[in-house]
Amino acid sequence: MVDLIKRAKELIETSVVKVLIGYEQGTANKTRALFVEKADDADRLIFDSRCVQNLAAYVTKKEVKEKGKMAIAATLPVMRSIIQLASEFQVNDNNLLVLGITPESKLIEFANLVEVETFVHKYEIEIDARNKEMLDKLEKMTQAERWKFWMDELSPCFKCYACRAACPMCYCSRCTVDFNQPQWIPVPSHELGNLEWHIMRAIHLTGRCIDCDACYNACPLSIPINLLTKKMLADAKEHFGAYQPSLKGDHLMSTYKPDDKENFIQ
Amino acid sequence: MAEFEPKIVAFVCNWCTYAGADLTGTSRIKYASNVRIIRFPCTGRIDYMLLLKAFDEGADGIIVSGCHPNDCHYTSGNFHARRRWIMFRSLCDFTGINTERIKFSWVSAAEGAKWAAIVNATVTSIRELGPYTEYKKVAKYPEKEVTHG
Chain A
1 MVDLIKRAKE
11 LIETSVVKVL
21 IGYEQGTANK
31 TRALFVEKAD
41 DADRLIFDSR
51 CVQNLAAYVT
61 KKEVKEKGKM
71 AIAATLPVMR
81 SIIQLASEFQ
91 VNDNNLLVLG
101 ITPESKLIEF
111 ANLVEVETFV
121 HKYEIEIDAR
131 NKEMLDKLEK
141 MTQAERWKFW
151 MDELSPCFKC
161 YACRAACPMC
171 YCSRCTVDFN
181 QPQWIPVPSH
191 ELGNLEWHIM
201 RAIHLTGRCI
211 DCDACYNACP
221 LSIPINLLTK
231 KMLADAKEHF
241 GAYQPSLKGD
251 HLMSTYKPDD
261 KENFIQ
Chain B
1 MAEFEPKIVA
11 FVCNWCTYAG
21 ADLTGTSRIK
31 YASNVRIIRF
41 PCTGRIDYML
51 LLKAFDEGAD
61 GIIVSGCHPN
71 DCHYTSGNFH
81 ARRRWIMFRS
91 LCDFTGINTE
101 RIKFSWVSAA
111 EGAKWAAIVN
121 ATVTSIRELG
131 PYTEYKKVAK
141 YPEKEVTHG
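Chains as they are written, first to last, in my numbering: chain A, 1 to 266; chain B, 1 to 149.
Hints may contain errors.
[Stated by the list, open to error] Straight-line C-alpha distance at most 20 Å; calculated PhoX-like pairs for lysine-lysine: (1) B:K7 / A:K148; (2) B:K30 / A:K159; (3) B:K53 / B:K140; (4) B:K114 / A:K159; (5) B:K136 / A:K148; (6) A:K148 / B:K137.
Just so you know, these hints were derived from the structure itself, not from any lab.
Please model the complete structure; the sequences and the hints are all you need to start from.
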């Protein structure tokens, strides 16, 4: 990514942006986020197939926003997240510059978020074959089998909230799970609280999740929690039509159609 | 052994179903007494977390009911609620929560008889399903697992 390093240096030196968010080599053959504030630091920037963390999670952070205008090295899922965040008034053209990395690993600099949106809309959000198979498998199970499946999968969860921290859409300054009056979600690592926490997470991400799998990648126990959001994505497509984050237009769950179809209300 | 009496929690909107249930009473229609009615300003206010909490607290079945589409006192509360129910119900089903135990309905203020019928039907079907032991088993964590000291 020589182009990226060169462009990052220019942007920082000319003070167009104050901080550039990208990836660098971390420990144990993993990559981690790099915040370039000095031109020299840009040499540490890398980009390869290991860079799966969703960097859009940082653009809503107060500590990063405070530095001034941000630039972000954004893969396709990151660009989708940015469009969703922009539609929720979390970022705008004044505080964010997007350096896109296309699926073919080419660098594109976008003049504004409208251009990012146009680019993002060229690609449909698709659930990958392996997860689709898993979803089908689960749907074919009986209700009791599914209950057992999730009880088994969720039982090791100790609510470290790595999934929440990794998710660009989980930017609330106070999450429902942190409330204790009333205590919506029991704190102990126990099936009940775990189930409620993951149901809550999936519902809050309905119509907002752009299927980047950051939550699953961040989970230290590799619990397939992304299946829940994938299911919501698939259902949203089925019930309310194609889903794409967009700058204009209503959010899936904050709007309605008088003729929304269901088959269970008596 | 005495027959199992299911506990049913009904989340209803103030303007239609609550008034409808009131009409059931003033019309002197007899219906099952298993239902505990909780009044909400609108179906749009019925948070999905409340439904989960009802199961936590030992409900065997849940009824969620409000104004018919286009009848909402606040114009669109029930339309928003309907979208939420569609997604929530499907997520519940996906996680293995028994969706047969959550009944959704539209009952207007004039439908006292429909309310009685829905409650009776729900009680009958929940009685057949039996107590919601699956959920109760996991919901009972404080008695079993929390230790002090």
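Tested hints:
no. : hint            : result
1   : B:K7 / A:K148   : violated, 24 Å
2   : B:K30 / A:K159  : violated, 47 Å
3   : B:K53 / B:K140  : holds, 12 Å
4   : B:K114 / A:K159 : violated, 43 Å
5   : B:K136 / A:K148 : holds, 14 Å
6   : A:K148 / B:K137 : holds, 13 Å
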